[in-house]
Amino acid sequence: MHTNNSASLEHSAPVVATKSLQLFAAAALGLVILFSVGFAPMDIAHNAAHDTRHSVAFPCH
Amino acid sequence: MYFRQIFLISCLSAIAASVGFSIYQWYLVNPIIFSAELYEIAEPIDSGMLEQLEPWEPEDGIERSVYTLLANFLMALAYSLILASAMVFRGSSSTLKGIAWGMAAYLSVFVAPGLGLPPEIPGMDAAELAQRQNWWLLTVSLTVIGLAVLAFSSRYYKGAGLILIILPHLIGAPTAEIHSFNHPDPGTIAVLTELWHQFVLQTSIANALLWFIIGASTGFLNHKFIDAVPSLQSSKFTKA
Numbered sequence: 001m002h003t004n005n006s007a008s009l010e011h012s013a014p015v016v017a018t019k020s021l022q023l024f025a026a027a028a029l030g031l032v033i034l035f036s037v038g039f040a041p042m043d044i045a046h047n048a049a050h051d052t053r054h055s056v057a058f059p060c061h
Numbered sequence: 062m063y064f065r066q067i068f069l070i071s072c073l074s075a076i077a078a079s080v081g082f083s084i085y086q087w088y089l090v091n092p093i094i095f096s097a098e099l100y101e102i103a104e105p106i107d108s109g110m111l112e113q114l115e116p117w118e119p120e121d122g123i124e125r126s127v128y129t130l131l132a133n134f135l136m137a138l139a140y141s142l143i144l145a146s147a148m149v150f151r152g153s154s155s156t157l158k159g160i161a162w163g164m165a166a167y168l169s170v171f172v173a174p175g176l177g178l179p180p181e182i183p184g185m186d187a188a189e190l191a192q193r194q195n196w197w198l199l200t201v202s203l204t205v206i207g208l209a210v211l212a213f214s215s216r217y218y219k220g221a222g223l224i225l226i227i228l229p230h231l232i233g234a235p236t237a238e239i240h241s242f243n244h245p246d247p248g249t250i251a252v253l254t255e256l257w258h259q260f261v262l263q264t265s266i267a268n269a270l271l272w273f274i275i276g277a278s279t280g281f282l283n284h285k286f287i288d289a290v291p292s293l294q295s296s297k298f299t300k301a
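These protein sequence lines map, in sequence, to chains P and C. FYI, in the working numbering the residues of the first sequence are 1 to 61. FYI, in the working numbering the residues of the second sequence are 62 to 301.
Any given hint could turn out to be false.
What the hints assert, rightly or not - If you anchor each label on the Cβ, the simulated ranges turn out as follows:
#1 P/S20 x C/L99: 49 to 55 Å
#2 C/L99 x P/L31: 31 to 37 Å
#3 P/F24 x C/G248: 50 to 56 Å
#4 C/F95 x P/S20: 42 to 48 Å
To be verified - One side of the interface only, derived from the structure: several residues of chain C facing chain P at Cβ under 8 Å:
#5 F64
#6 Y88
#7 S96
#8 L99
#9 Y100
#10 L135
#11 M136
#12 L138
#13 A139
#14 I143
#15 E181
#16 R193
#17 A221
#18 A237
#19 A267
#20 A269
FYI, nobody ran anything at the bench for these hints, they're computed from the structure. From the three backbone atoms N, C-alpha and C, an ideal C-beta is built for every residue, glycine too.
Just chain P, with the same shape it has in the complex (with noise of 0.2 Å):
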């Protein structure tokens, strides 16, 4: 019993210290990804998505 009752322990304090970390990595795969579809400079990724840019009123030209 002791051990289960570590075991346990041991295994819920990374699911609450891991929750808020994981929350911010997809956040922050999610600010990766529009920074690179809605302003990443280089011509390339401007012409590929200038019409979506454009429709969602981006800064753009």
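Following the hints, complete the assembly by docking chain C onto the known chain P.
What follows is chain C alone, placed relative to chain P:
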């Protein structure tokens, strides 16, 4: 587990949102962009310069549409990832809550920056790109923080939220010396101005639709695949 769940939820939600958005865009937004481009290309090109190497761009037609679809999907995925993470961070989700989050995001990412920098069709004169991008980022960030303060903080701080939302508009958006069309023919300018008004209206509707679908589907899927999954909530049970 949270990362994987949020990524999958965001993919599903981005598929739904980008399909809805792309259909609306295809019929009601893109035709305006294409018409404006006809005038843009018809403009005389200042070519005292040597012909420069044209950077790659997708061929008009299917290739261009495929890239637009892909960019729409990635944009919707990025928005969904951010919205889903924020919702889970704040607590439990539902379809209705998701719609509220989606509308708050629409206000922050489209309406607030649009008040200073309205959506533009190709060929419009505008201030320098970097300045506009900086103002856009500033406005979106402050509006997001401001709305979060209004929604989640105690009553005493809500005034601060309002101030944050208004602040970028007091600073003012960077504008061109003449915010209009650089075209010699007044008749063409009238046509382009009419196209632009149509464009502002149609993009406002298209983006509301985009955020409505992202919000509703992210809220629904968060509830189904995160709130309702016991193993993800195990930390609460073991603590108790």
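Numbers of the earlier hints that this structure fails to satisfy, in rising order:
Hint check: 6, 7, 8, 9, 17, 18 and 20 fail, others pass.
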